[in-house]
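Participant: Please put together the full structure from these sequences, using the hints given.
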Amino acid sequence: MIARNPSSFPRNDQGRPALSGLPFWTLLFSLLLGGCQPTVYLMPTPVALRTGELDPFKGNPNLEATNRVRIFYATNRVPIGPENQRFYTLAHEEAIHLGEAELEIGSEQTLWEKLYAGSTVAEREEKWPLRLLGAREVATLWSRQTMEPLSPELERFFERLNARIDASLHRELTIYIHGANNNFYRGSAQAAQFQHFTGHNAVVLLFAWPSAANLFRYGTDVMNTAESAPVLARLLTLLARHSTARHINILAYSAGAMVLSPGLRQLRNLDGKESPETLRQKLRLGEIYYAAPDVDFRSFLHDLSEYKEMTCNVTLTVNLEDSVLGLAQDFHGTSRAGRPDLEELSLEETRWLIEASRHTVFDIIDVGNSEIPGFPSGSHGFWYQHPWVSSDVLVQFLYHARPAERGLARYRTEKDAIIWYFPEDYPERVVEAVKRLDTARRQACQQDGGNAPPPGNGAPGR
Numbered sequence: 000m001i002a003r004n005p006s007s008f009p010r011n012d013q014g015r016p017a018l019s020g021l022p023f024w025t026l027l028f029s030l031l032l033g034g035c036q037p038t039v040y041l042m043p044t045p046v047a048l049r050t051g052e053l054d055p056f057k058g059n060p061n062l063e064a065t066n067r068v069r070i071f072y073a074t075n076r077v078p079i080g081p082e083n084q085r086f087y088t089l090a091h092e093e094a095i096h097l098g099e100a101e102l103e104i105g106s107e108q109t110l111w112e113k114l115y116a117g118s119t120v121a122e123r124e125e126k127w128p129l130r131l132l133g134a135r136e137v138a139t140l141w142s143r144q145t146m147e148p149l150s151p152e153l154e155r156f157f158e159r160l161n162a163r164i165d166a167s168l169h170r171e172l173t174i175y176i177h178g179a180n181n182n183f184y185r186g187s188a189q190a191a192q193f194q195h196f197t198g199h200n201a202v203v204l205l206f207a208w209p210s211a212a213n214l215f216r217y218g219t220d221v222m223n224t225a226e227s228a229p230v231l232a233r234l235l236t237l238l239a240r241h242s243t244a245r246h247i248n249i250l251a252y253s254a255g256a257m258v259l260s261p262g263l264r265q266l267r268n269l270d271g272k273e274s275p276e277t278l279r280q281k282l283r284l285g286e287i288y289y290a291a292p293d294v295d296f297r298s299f300l301h302d303l304s305e306y307k308e309m310t311c312n313v314t315l316t317v318n319l320e321d322s323v324l325g326l327a328q329d330f331h332g333t334s335r336a337g338r339p340d341l342e343e344l345s346l347e348e349t350r351w352l353i354e355a356s357r358h359t360v361f362d363i364i365d366v367g368n369s370e371i372p373g374f375p376s377g378s379h380g381f382w383y384q385h386p387w388v389s390s391d392v393l394v395q396f397l398y399h400a401r402p403a404e405r406g407l408a409r410y411r412t413e414k415d416a417i418i419w420y421f422p423e424d425y426p427e428r429v430v431e432a433v434k435r436l437d438t439a440r441r442q443a444c445q446q447d448g449g450n451a452p453p454p455g456n457g458a459p460g461r
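Number 104 in numbering that gives the first Met the number 0 belongs to position 105 of the sequence shown; there are no gaps in the numbering.
Treat the hints with caution; some may be incorrect.
Said to hold, decoys possible - Lysine-lysine pairs mimicking DSS-like chemistry, simulated, CA-CA at most 25 Å apart:
{"hint": "1", "residue 1": "57", "residue 2": "113"}
{"hint": "2", "residue 1": "126", "residue 2": "113"}
{"hint": "3", "residue 1": "126", "residue 2": "57"}
{"hint": "4", "residue 1": "307", "residue 2": "272"}
{"hint": "5", "residue 1": "57", "residue 2": "434"}
{"hint": "6", "residue 1": "307", "residue 2": "414"}
{"hint": "7", "residue 1": "281", "residue 2": "307"}
Calculated from the structure, these hints are not laboratory results.
Facilitator: Dropping the structure here:
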């Protein structure tokens, strides 16, 4: 059996696992299990990019005409293999391993011109798989290691990360946290395709927590998310101290919410004496986006009440027919934040949720109640599978725009909560919205000598 608890590994005086003490077959079995995942194919082109009016690729002065994508990563999986060709097992530890991964869209024969053309139209001639070419580990922050001063290896990592951030258009960092049943490859591929459709303008870092990559080991994934939440909190502290990012944005998908939600609460409690505004400036947390979150609904609201004021904005996407979250609800015995049951809430909790939807930096998007053509009622992976939703995610992260500024419409519930949805004319709305946001960005840059932050005032946009 593969050990799950880091205390079960022999460790040296730095808190580092002594891998030489592990049986060979344990390592091999762990590696093989980590590789048994279906191929990820490039997601559909976001609807905003299909008309030819918007082209993030042409707006990137540093664009490399290649079908390869380089992302950064941080993981608390136990590594094996040489540092320039790492493999990450299903076992976890408290250390944070940092590096770069390179992926290829298509094959060696896929020309950039063909990939570019297929990334800006609705229908493609072929499906392009994403292949992980390799993961190069640059540094490790051990469990008992201080963050200052940085080790030479950590300095090299931040030199590479900050060089990419400083050269990017928006000077921001986006962290992607994958869901359950994911190995390192699958999480990397999802992060890479997000980066690709930003026109390679975004700098993306994958947080690869140790999912067992097996549907029948969901319970193990649930336990590993709890172990990974404090590791994420430590990673965010490290990035806030040593990265040059104006904002650190986070996209958590499915069970990744069980890492992010308690991780942000723990991060808030680490500096409990400081005001939310001080923490917001110190941590620079930007967009916090929960895509189909598989996390206990009431726990999610409790966590949110503690950390929401130290972020620019929190977005919750909901599909009341989400089939995967229906199964997760059966497993846990409580509803999930992405498929919430309001009957579970007390009167006080219900009032808080209604007020939060109306007056604070918290947006609820009802994806399942939208007028999206071809949207499967039980959809779970809609953030990347459906071109309307993926467009909205991209616009929100690139512009820090609130729902009304991005082309979404709203309705009020019987209890006066504000809910956002995709109207039937969303494709036209989002194109016009981005044109307005681009104009606002250019004007802001001209007034500030080219150093203005992205448009979007961080206000709720009610």
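Participant: Confirm or reject each hint.
Facilitator: Right, here's what the structure says about each hint:
Among the hinted pairs, residue 57 with residue 113 is consistent with the structure: their alpha-carbon atoms are about 15 Å apart, no more than 25 Å. Between residue 126 and residue 113, the direct Cα distance comes to roughly 12 Å. Compliance with the 25 Å bound is thereby established for this hinted pair. Under the criterion of a C-alpha separation no larger than 25 Å, the hint pairing residue 126 with residue 57 is consistent with the structure, at around 23 Å. At roughly 16 Å between alpha-carbon atoms, residue 307 and residue 272 fall within 25 Å of each other, so this suggested pair holds.
Taking the CA atoms of residue 57 and residue 434, the gap is about 15 Å. The hint holds against a cut of 25 Å. The hinted pair formed by residue 307 and residue 414 meets the criterion: a straight-line CA distance of about 22 Å does not exceed 25 Å. The straight-line distance between the Cα atoms of residue 281 and residue 307 is roughly 15 Å, inside the 25 Å bound, and the hint therefore holds.
Hint compliance for this structure: every hint is met.
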